[in-house]
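Enquirer: Go ahead and model the full structure; you've got the sequences and the hints to work with.
If you want the building blocks of each chain, they are given just below.
Protein chains: 2
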Amino acid sequence: MSKKYDKIVENAVGRKVPEEINGEKHVAFKGVGKHRPTGNKYGPPIPSCADYPDDGDKRQSSLKEALLKSGIKDGMTISTHHHFRNGDVIANQIFAIAAELGIKDLRWFPSASFPCHEPMIEHMKSGVINRIEGSMNGPLGKFASEGNMKGVGVLRSHGGRYQAVQDGEVHIDIAVIAAPAADAFGNANGVHGDAACGLLGFALADAQHADKVIVATDNLVDFPCIPWQIHGNWVDYTVEVDKIGIPEKIVSGTTRITKSPDRLRIAELTANFCDAAGIIRDGFSFQSGAGGTALAVGEFFAQMMKERNIKARFIRAGSNKYPVKMLEDGLADYILDGQTFDLEGVRSIRENPNHVNTSPFTSYNYHGKGNFASMVDVVMLGATEVDVNFNANVVTHSDGYMLHGIGGWQNCLFARTTILPIPLFRDRIPVIRDRVTTLCGPGELIDVIVTERGIAINPKRIDLIEKAHNAGLPLKTIEELKVEAEDICGMPENPQLEDEIIGVVKWVDGTIIDAVYKVKTK
Amino acid sequence: MSKKYDKIVENAVGRKVPEEINGEKHVAFKGVGKHRPTGNKYGPPIPSCADYPDDGDKRQSSLKEALLKSGIKDGMTISTHHHFRNGDVIANQIFAIAAELGIKDLRWFPSASFPCHEPMIEHMKSGVINRIEGSMNGPLGKFASEGNMKGVGVLRSHGGRYQAVQDGEVHIDIAVIAAPAADAFGNANGVHGDAACGLLGFALADAQHADKVIVATDNLVDFPCIPWQIHGNWVDYTVEVDKIGIPEKIVSGTTRITKSPDRLRIAELTANFCDAAGIIRDGFSFQSGAGGTALAVGEFFAQMMKERNIKARFIRAGSNKYPVKMLEDGLADYILDGQTFDLEGVRSIRENPNHVNTSPFTSYNYHGKGNFASMVDVVMLGATEVDVNFNANVVTHSDGYMLHGIGGWQNCLFARTTILPIPLFRDRIPVIRDRVTTLCGPGELIDVIVTERGIAINPKRIDLIEKAHNAGLPLKTIEELKVEAEDICGMPENPQLEDEIIGVVKWVDGTIIDAVYKVKTK
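Chains as they are written, first to last, in my numbering: chain L, 1 to 522; chain A, 1 to 522.
There could be a bad hint or two in this list.
[To be verified] With a Cα cut of at most 30 Å, we get these calculated DSSO-like pairs of lysine-lysine:
1. K142(A) to K518(A)
2. K7(A) to K64(A)
3. K30(L) to K69(A)
4. K34(L) to K73(A)
5. K69(L) to K30(A)
6. K4(A) to K476(A)
7. K73(L) to K34(A)
8. K125(L) to K4(L)
9. K34(L) to K69(A)
The hints are simulated quantities; they were obtained by calculation from the structure and are not laboratory data.
Expert: Structure below.
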C-alpha cells in the first residue's frame, strides 16, 4: 500500500474522514439509519468432515503447532477475544510465536486490547504487527496516538465488529479463542474452570467466520463440553495449555458502588429523572455498566422497585453481583448478559437459566433483522466529552489521546432513552465542550445528560422534557451546564493535534463517523 | 426447464443417476469421503436494523400478510420444519394461501412431510407446487412414486439438508417456522406451549439462510422468549395464529417397548453383541431410535449399566421417556437431543440442563469442521432392505414405493459401529436382497446386521468379528441369512419399475447416490 489513508471527505456530521484506509475502501458516515448495505453476508470456505478426525480429537501439541497448521503467514489477520480483560495471557503468546517464526505485517483484530497487551508494542516496532483494529486501552492507545503504528487503527463497537466480520469487511484468517472450558472437538464455554469469565460471545463472529479457528484451553473436559457457547463444529484445532489467563484479573472478587458524594448525587438524579419520566414501571428494562456510578443507579432502581412491588422484565448487563442480586430477589425476570465482571456474575450465569448468554449478534449487530439494543427502555452510559448538540466522545481524552475502546457504547445509544450520567468536569477540565475531540455518537441519539449540578434534556425529546418538567429536578440547558463548568474551571484548552490520521472510528453500520489524529509531542 | 432430468452417469456405487435435475446441476456420488466441496458457504442478503421496528414488534396480522410482505411469487422455494410431525397445521395453510393468491410452481422444502400433508397433492395437481424436496411419507410418497409430481423429488438426510442450505445448493426464499413459544421479535423455542415439541433444530438452517423468515406461534410471550432456540435476529415477521399444531399428534403420551418376541430377541442379540464387542463400557455413547425394538435395546443397555455400576457419557436421541429415565437415574451424563418424541422428552429438555438441544448443524452436517455423528460409539438403525454387501435402503419398499424419509439415518452411519437390528423378513418378504431397490447407505459404513435368526458382521470389521467370535452369539454370514430367509419365504420378486426417475437420493456430501424410479401401475 502506498498511503496509509486517502480520499478525505466530509461526512454527515461534518467530520473529515478518509474513504480509503490501509489500502481498503470504506464509506463515510451518512447519518443514523441512512446507509443501506448491499450484497450478501460473508460465507467462509466450505469445509468437509472428511478433513477432520472422526473421533473429534482436534488437539495439537502447542499453540505454535496449531498456528503453523492454520497456515500462518505474512499479512494475515489474527483475531482474539477480550473476555479475560487485563488477565489475558494468550494473545501475547500468539504474536511472540509469530515473531519467532519471522512473520510480518499482521493485522491484530482483538475484540478489545488491554494494558496487559503492552508487549504488542515491540511487535509493532519490529513489523510483526502492522496495526491493531480494535479498541486500544492504555499503553497501546498512547503508542498509536503518538503516530507509531504502521497502519491506521480502526475502532469498532462490539456490534460493529460483528457487522464487519459478518459483512466480509474484515476477513479473519485465524481466530484464536481462549476458553475456560473446552473439549477436544472444540466445544467451549466460559462458565467452568480457573479462568471462568462467564461467556464467550465476543468470539462468536470469529468462530463463525474465520478461515481457521483455534480453541486454547487450560481446562480440557470430556466431550461434550456443556454448555457449548462456542460450537466445536466451527473449530479446526484445539490446544491444551498450562494457563490461559490470570483469574483475579479476569473477574473481580469485589464490585463496589461509588462512595463519592458527587457520583452518588449523579446516580440519584439519574434514578429520579427516570422515575419522573415514567420509565420505572412494571416490566421495564434497563442497562447500566459496571462502574461505580452506574451500579449506584441500579441500586436506586432496585429500591424503587421494591417499594412499589414491581419488577423489571430484563436487565441488560455486563453483570456483577448487583444485577445478580436483583435477579435472585425477584426484581427482574432475566439478565441478558454480554460479559460478566465479577465472580457472582460468573456463578449466576453458570447456575441460573434466567441469566442468559447473549452476544454482539443478538444484542448489537446493526446489520441484523433488528437487535436487542433498541428494545431497552433506558441505558446509562459514560463519555469523555459531550458537545452542546449532545454529540459525545468515548475514545479520546480532551488532550487528544486515544485511551478507550467503544465497547457496546455506540450500540446502546439505540435504547429508547439514553442517559449519560457524567461529572460536569474531571480534573478541573469541563466535560461539555463546543466540539468533541472525536465524535463517536451523534447527538440525536443522546437524550439526557445528568451531572452533579443539573440535568440537560435533548431539545428533540419534548416528551421527556414535558414529563420531567414538574418533578422538582434541576433541569438546565446544556449550554447552561457548559457555562457553569467554565465558570468554575475556566475555558478548556483544545488538544494539540497534528494533521495526521492515526485511527478512524466506525459507526454501527460500518461507515466512518470520525478520524483520530496524531497527538503533538515535544 | 425443458427436461426434468438429464445427463445420466454411473456413480461410484454403480447406480445410474442424473447430473442435471429440475434445471440445476448436481454431482454423482464419488465414494465415502471422496467429494471435496469448493467455494464458500452461502451468505444471505445483508439486512439493516434501519428496516426493522425499533421496538422489536414484527407482528403481522396474518400468515397471508406475512407471506405477501415476504414477496411470495411464482417459482419460489418455501420451507417448513417437521417438529410437529403428523400434527402440523401450518404447512397446509401456507400453500392454501399460495393457491388463493394464484401463485404457481413453488418448491416446497420441508425438513420432512407426513400423511397430514396430503392436501399438498391437490396443489401439486393444480401447479401451485412444482415439487417437494424433502422426505415424503405415506400418501405424498405414493403420489410421487406413481409419477405424478411435476418436478423431480430430491431426498436429503437431516444433515444433507443443512449442508445443501449452508452451501447455497438450495436457496430458500421464505422460511416459515411454526413455534410453540415466541416473542414479537421472533425469538422462539419448542419447550413451552400447547404445541411443545421440545426443540426447533430442523428449522435452524432455514432461519440462518432464508431471505425472509416468518415465525408463526399460538403462544406469544413477552420479550425475551427464553430459551431462544431460534434467534429473533434472523426473523423478518412474526404472526400470531390460533393453533399451530395438534398436540397429541406432535408428541406421544405413551412410548412403548416392543412386546413381539421376535423383536425382543433382536434387541437382546443386539445388546449382547455390543457387550461382546466391548462397546458397553464406562463413558460410552449410543444412539437408538424411538421404535419399539430400539427402545428395547436401550433397556438392555440400562440393565447392563446398572449391574456394572457404569454410566454412558451421552445418549444421542430422538428422546422419549426411556433415555430420560436413564439420564435421571444417573446412567448417562447427557442426552444430546435432536427431536423429542413424547411428553417426558419435552419435560426433560425444558427442565434439565443436561438434556441438551442439538441441531443438524452440530450433529449431522458433513460440510462442517466435524460433527457429532462420528463420535458416537454405537448406533442402531432401521432399513427396508440390505444387500449382501451391506448396502442398505431406507426410502423405498421392496415394491419400489418411496414411502419413507432418510431422516438422520445416513448421517448416523458414521458412528464407530453401525448396527441394523432388523427382522429377517417382513410380511414374508425377505429383507436381505441381492440388490437393494434404492441404495441409501454404502455397505462400507454398515457394520452389523442383527436379525432374530442370527448376526452378520461386515467382513471388513475384523475387529468386531474377533471380539464377537467366542461370545456364544449366533454369528452367520450375510449370505447365510439371505438363504435362510429365502428358504422360508421363497425368492422375493423384483419391484415393477418404469425407466422414469421420479426422485433422487442425496448422500451427506450433496452428491447423488441413487435415483428413485416410477412404479408401474395398472
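Enquirer: For each hint, tell me whether it holds in the structure or not.
Expert: Quick rundown of the hints versus the structure:
1. K142(A) to K518(A): holds (10 Å)
2. K7(A) to K64(A): violated (40 Å)
3. K30(L) to K69(A): The given pair, whose Cα atoms are some 27 Å apart, holds under the 30 Å limit.
4. K34(L) to K73(A): Holds: K34(L) and K73(A) sit about 29 Å apart, inside 30 Å.
5. K69(L) to K30(A): Given that 30 Å is the threshold and the Cα spacing comes to 27 Å, the pair holds.
6. K4(A) to K476(A): violated (44 Å)
7. K73(L) to K34(A): holds (29 Å)
8. K125(L) to K4(L): holds (16 Å)
9. K34(L) to K69(A): holds (22 Å)
In summary, the structure is inconsistent with hints 2, 6 from the numbered list given earlier, while agreeing with the others.
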